[in-house]
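Produce the complete structure using the sequences and hints provided.
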Amino acid sequence: MNTMRHDWTKEEIIALYNKPLMDLLYEAASVHRQYHDPNIVQVSTLLSIKTGGCPEDCGYCPQAARYHTDIEGNDLMSVQQVKAQALRAKSSGSSRVCMGAAWRNVKDGPEFDQVLEMVRTINKLDMEVCCTLGMITENQAKRLAEAGLYAYNHNLDTSEEYYKEVISTRGYEDRLQTIDNVRKTNVTVCSGGIIGMGESVEDRAGMLVALASLSPQPESVPINALVAVEGTPMENEKPVEIWEMIRMVATTRIVMPQTQVRLSAGRTQMSREGQAMCFFAGANSIFAGDKLLTTPNPDVNEDMKMFEMLGLIPQKPFTKKSQPQTVEAHDSEYAPLGEKPKWTRPGHSIERNLKASGKA
Numbered sequence: 078m079n080t081m082r083h084d085w086t087k088e089e090i091i092a093l094y095n096k097p098l099m100d101l102l103y104e105a106a107s108v109h110r111q112y113h114d115p116n117i118v119q120v121s122t123l124l125s126i127k128t129g130g131c132p133e134d135c136g137y138c139p140q141a142a143r144y145h146t147d148i149e150g151n152d153l154m155s156v157q158q159v160k161a162q163a164l165r166a167k168s169s170g171s172s173r174v175c176m177g178a179a180w181r182n183v184k185d186g187p188e189f190d191q192v193l194e195m196v197r198t199i200n201k202l203d204m205e206v207c208c209t210l211g212m213i214t215e216n217q218a219k220r221l222a223e224a225g226l227y228a229y230n231h232n233l234d235t236s237e238e239y240y241k242e243v244i245s246t247r248g249y250e251d252r253l254q255t256i257d258n259v260r261k262t263n264v265t266v267c268s269g270g271i272i273g274m275g276e277s278v279e280d281r282a283g284m285l286v287a288l289a290s291l292s293p294q295p296e297s298v299p300i301n302a303l304v305a306v307e308g309t310p311m312e313n314e315k316p317v318e319i320w321e322m323i324r325m326v327a328t329t330r331i332v333m334p335q336t337q338v339r340l341s342a343g344r345t346q347m348s349r350e351g352q353a354m355c356f357f358a359g360a361n362s363i364f365a366g367d368k369l370l371t372t373p374n375p376d377v378n379e380d381m382k383m384f385e386m387l388g389l390i391p392q393k394p395f396t397k398k399s400q401p402q403t404v405e406a407h408d409s410e411y412a413p414l415g416e417k418p419k420w421t422r423p424g425h426s427i428e429r430n431l432k433a434s435g436k437a
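Count the sequence shown with my numbering and you get residues 78 to 437, in order.
Read the hints as simulated data drawn from the structure, not as lab findings.
Since the model is a prediction, treat every value here as computed from it, not as a measurement.
Heads up, the beta-carbon is just placed ideally off N, CA and C, and yes, glycines get one too.
Be careful, since some hints might not be right.
Unchecked claim - Pairwise CB distance ranges, derived in the manner of DEER restraints:
hint	residue 1	residue 2	range
1	Gly351	Gly308	23 to 29 Å
2	Asn116	Tyr411	38 to 44 Å
3	Glu321	Asp152	22 to 28 Å
4	Glu410	Gly130	29 to 35 Å
5	Ala106	Thr421	24 to 30 Å
6	Gln400	Glu379	26 to 32 Å
7	Met81	Leu202	20 to 26 Å
8	Ser399	Gly351	31 to 37 Å
9	Glu279	His145	28 to 34 Å
Unchecked claim - Here are the simulated DSS-like pairs of lysine-lysine, each with C-alpha atoms no more than 27 Å apart in a straight line:
hint	residue 1	residue 2
10	Lys393	Lys167
11	Lys87	Lys219
12	Lys398	Lys167
13	Lys417	Lys184
In structure tokens, the structure reads:
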């Protein structure tokens, strides 16, 4: 029987990743069936509630203001716009709405108050609510929890070593601190990363070591394949081979057996057969809808056809954890503190990021 471990070494994970594929798949599928129903897959809809203009220099991201990517920016959506999108997602089979805002970190004020109202509104629709808003303080995490937030997403992206080759405007420790702040509430943690950014297998293993070492481990781990967008520093990276994706999903499943492994960005480049192999390897969550923030995603009707073909059933909301209670703004225990935390700015430079900024 597979047991929960928080002491995985990079060498152990590399050995798993490099196993003969059939052996790796057998082990991953066996672990998956110990902890999950292999025919149930959670479906989420990702909604960009504020697009573009981000001050960060993440090398993979088309929303960074410093790169010229032809992304059409928009100000923060209204609560009613978000509610309409959530109802549409629910009717299409999604049990969770994930809201993303292109911010470095959350700042107390009218915009954050508006996001809190979005969380309350969606939770009242009996849907799970997830947010990805950048770095947050403990008090901000508590305010989100009070509003009814189910999950907070904050990806580690890659290993701590390779992170310095991807982003120069924030530190890896800030990622971990944000996750720690979320853990001080009843909100679940969603944290994973991206493969295909030029990293090594050792870096992929390093990211899994960092995630598996967290106690508890994240309830949700997205595995993204880089979508190389013209204008970003990573525009010329080669697409991830499906076999790499299958190996990464399978390894993640073995290392974090209770986690929901999310087959995330890059699915437009995968065949149905490739996705089916990922589900067999332990993926049990996808993002549905025509976009993942700003990059293409398979049509939800095509996904439902694939589910029917494979005999997969969408997971109902609040299956893994009970629905949070929503506290209205006027009854809130936590007031905005107007905090100005000193999130790090490492100060090193990344040549390809500077080059892409120069083109813009």
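Okay, the hints, checked on the actual structure:
1. Gly351 x Gly308: 23 to 29 Å: Distance hint for Gly351, Gly308 holds at roughly 27 Å.
2. Asn116 x Tyr411: 38 to 44 Å: holds, 40 Å
3. Glu321 x Asp152: 22 to 28 Å: Violated - the Cβ-Cβ distance for Glu321 and Asp152, about 38 Å, lies outside 22 to 28 Å.
4. Glu410 x Gly130: 29 to 35 Å: Given about 33 Å between the Cβ atoms, the range holds.
5. Ala106 x Thr421: 24 to 30 Å: violated, 41 Å
6. Gln400 x Glu379: 26 to 32 Å: With a Cβ separation near 30 Å, Gln400 and Glu379 satisfy 26 to 32 Å, so the hint holds.
7. Met81 x Leu202: 20 to 26 Å: violated, 33 Å
8. Ser399 x Gly351: 31 to 37 Å: holds, 35 Å
9. Glu279 x His145: 28 to 34 Å: holds, 33 Å
10. Lys393 x Lys167: Measuring from Cα to Cα gives roughly 11 Å; hence the hint holds.
11. Lys87 x Lys219: violated, 34 Å
12. Lys398 x Lys167: The given pair, whose Cα atoms are some 19 Å apart, holds under the 27 Å limit.
13. Lys417 x Lys184: holds, 8 Å
The structure fails hints 3, 5, 7, 11 (numbered hints given earlier, in ascending order).
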